[in-house]
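Line by line, the protein sequences are chains A and B.
For what it's worth, this note's numbering labels the leading residue of the first sequence as 5, then goes sequentially.
For what it's worth, this note's numbering labels the leading residue of the second sequence as 16, then goes sequentially.
Derived from the structure by calculation, the hints contain no laboratory data.
One or more of the hints may lead you astray.
To be verified - Mimicking BS3-like on lysine-lysine, the simulated pairs with C-alpha atoms at most 30 Å apart in a straight line are:
{"id": "1", "chain 1": "B", "residue 1": "K166", "chain 2": "A", "residue 2": "K35"}
{"id": "2", "chain 1": "A", "residue 1": "K40", "chain 2": "B", "residue 2": "K121"}
{"id": "3", "chain 1": "A", "residue 1": "K29", "chain 2": "A", "residue 2": "K10"}
{"id": "4", "chain 1": "A", "residue 1": "K62", "chain 2": "B", "residue 2": "K121"}
{"id": "5", "chain 1": "A", "residue 1": "K62", "chain 2": "A", "residue 2": "K76"}
{"id": "6", "chain 1": "B", "residue 1": "K166", "chain 2": "A", "residue 2": "K163"}
{"id": "7", "chain 1": "A", "residue 1": "K127", "chain 2": "A", "residue 2": "K62"}
{"id": "8", "chain 1": "B", "residue 1": "K166", "chain 2": "A", "residue 2": "K62"}
{"id": "9", "chain 1": "B", "residue 1": "K166", "chain 2": "A", "residue 2": "K109"}
{"id": "10", "chain 1": "A", "residue 1": "K35", "chain 2": "A", "residue 2": "K62"}
Claimed, not checked - A short, non-exhaustive set of chain A residues, derived as facing chain B with CB atoms under 8 Å:
{"id": "11", "residue": "E65"}
{"id": "12", "residue": "Q68"}
{"id": "13", "residue": "K109"}
{"id": "14", "residue": "R136"}
{"id": "15", "residue": "M142"}
{"id": "16", "residue": "L143"}
{"id": "17", "residue": "C145"}
Note that this is a predicted model, so its numbers are computed, not measured.
Every residue gets a Cβ at the ideal spot worked out from N, C-alpha and C, and that includes glycine.
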Amino acid sequence: MLKSPKFLWLAILVLLAGLGFMTNKFIIAGKTIPSKDDRTAILVTAEERTMILGEMRKFLETIQGISEATAKGDLETVAMLAIDMGNESPNVSPSLMGKLPIEFKSLGSATHGLFTDLGETAKGGDANAVLRDMGNLMLNCTSCHADNKFVIEGTAEAKTQ
Amino acid sequence: MTKSCKLPWLVSLVLLVAVLTMGYMFLLRGNVVASNDSRTAIVVTADERDLLLAEMRGFLEAIQEITEAIGDADMETAASSARAVGAAAAQGVPVALMGKLPLEFKTLGLSTHTLFDELAMNAMDMGDENIMITSVGTLLQNCTSCHAGYKIIAEPPVN
Chain A
5 MLKSPKFLWL AILVLLAGLG FMTNKFIIAG KTIPSKDDRT AILVTAEERT MILGEMRKFL
65 ETIQGISEAT AKGDLETVAM LAIDMGNESP NVSPSLMGKL PIEFKSLGSA THGLFTDLGE
125 TAKGGDANAV LRDMGNLMLN CTSCHADNKF VIEGTAEAKT Q
Chain B
16 MTKSCKLPWL VSLVLLVAVL TMGYMFLLRG NVVASNDSRT AIVVTADERD LLLAEMRGFL
76 EAIQEITEAI GDADMETAAS SARAVGAAAA QGVPVALMGK LPLEFKTLGL STHTLFDELA
136 MNAMDMGDEN IMITSVGTLL QNCTSCHAGY KIIAEPPVN
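Produce the complete structure using the sequences and hints provided.
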């Protein structure tokens, strides 16, 4: 067997360190700073913030539609609204993805999954089970809002967190 | 009309205009600017923004608890969660902040607190799950229309 040159091992070590650093920065940590209201401030551009808040308003509107349809006993509409939202995949740019901490990404993805689960529950025809699923799904909303906020990078607000 | 009679009329007119202007500014219009996402931006201080957003998170948490409680047919929990964000909870809003909020926003906010109180009463008096989930739907309509129409932005801090 040929002896590997030492510099190759060194290169592998440097590349591994780089990969670890980038994984932490862009996949795990995101672009965040602590906020004075005990939440984590995620720093994004104004357009990215508008996009994310728009996505959240879609969640809220879907939950409103589900409540209204459940009250009318229209579980078919509930299933349709929930499954549509479950299938929706927001167009998040790689740059924005890199700014979102892993907990936020996991919660967002889990919330879409919970909408799909709720849709399946609705197909079973049990309104109370739908409400329990909705309560469970909304725990994702409350915990995410309790822990995170979006702040526009470079603004005075970002500097006074 | 004598000259001495004209002065009180003039003063009254000026005062009336001032009262109407202030009423319009602080009761109807609020401190608002147009926003590039076709919503209305309400301009407040950073602390006032934190207060308003915390209040909204309180609404969201209450709706989550109420929904789960209705699903479990636990009317007592539904009532206590609703009462916690009822009209009594709206008393702590500072007057200065009230002046910055447009009338429609204030009306929506107050009606939301009142709807929570009604929901609490329904939970205790009737305990009808269908009526309650209808109320949750109505409440959420207030949330969606307010979020679709408004955003709260912080004015730059004064140095």
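These are the hints, each one checked on the structure:
A C-alpha spacing of about 23 Å is found between K166/B and K35/A, which places the hinted pair at or below 30 Å, so the restraint holds. Pair hint K40/A plus K121/B holds up; C-alpha atoms about 27 Å apart against a cutoff of 30 Å. The straight-line distance between the Cα atoms of K29/A and K10/A is roughly 29 Å, inside the 30 Å bound, and the hint therefore holds. With a CA separation close to 23 Å, the supplied pair K62/A and K121/B stays within the 30 Å bound.
With a C-alpha separation of about 21 Å, the suggested pairing of K62/A with K76/A holds against the 30 Å cut-off. Proposed proximity of K166/B and K163/A is supported: the alpha carbons are some 21 Å apart, at most 30 Å. Distance restraint check for K127/A and K62/A: the Cα-Cα separation of roughly 22 Å lies within the 30 Å cut-off, and the hinted pair is therefore satisfied. Note on K166/B and K62/A: the hinted pairing holds, with a Cα-Cα distance of about 15 Å set against a maximum of 30 Å.
With a CA separation close to 24 Å, the supplied pair K166/B and K109/A stays within the 30 Å bound. Restraint check: the Cα-Cα separation between K35/A and K62/A comes to about 24 Å, which is no more than 30 Å; the hinted pair holds. The criterion of a C-beta within 8 Å of any C-beta in chain B is met by E65/A, whose closest approach is roughly 5 Å, and the hint holds. For Q68/A, the interface hint holds, the least distance from its beta-carbon to any beta-carbon of chain B being 4 Å, beneath 8 Å.
Checking K109/A against chain B by beta carbon gives a least distance of about 21 Å; that is not within 8 Å, so the hint is violated. Satisfaction of the interface hint for R136/A is found here, the shortest Cβ-Cβ separation to chain B being roughly 4 Å, below the 8 Å cut-off. For M142/A, the suggested interface contact is upheld, since its CB lies about 4 Å from the closest CB of chain B, less than 8 Å. Of the supplied interface hints, the one on L143/A holds, with its beta-carbon coming within about 6 Å of a beta-carbon of chain B, less than 8 Å.
The closest approach between the C-beta of C145/A and any C-beta of chain B is roughly 6 Å, which is under the 8 Å cut-off, so the hint is satisfied.
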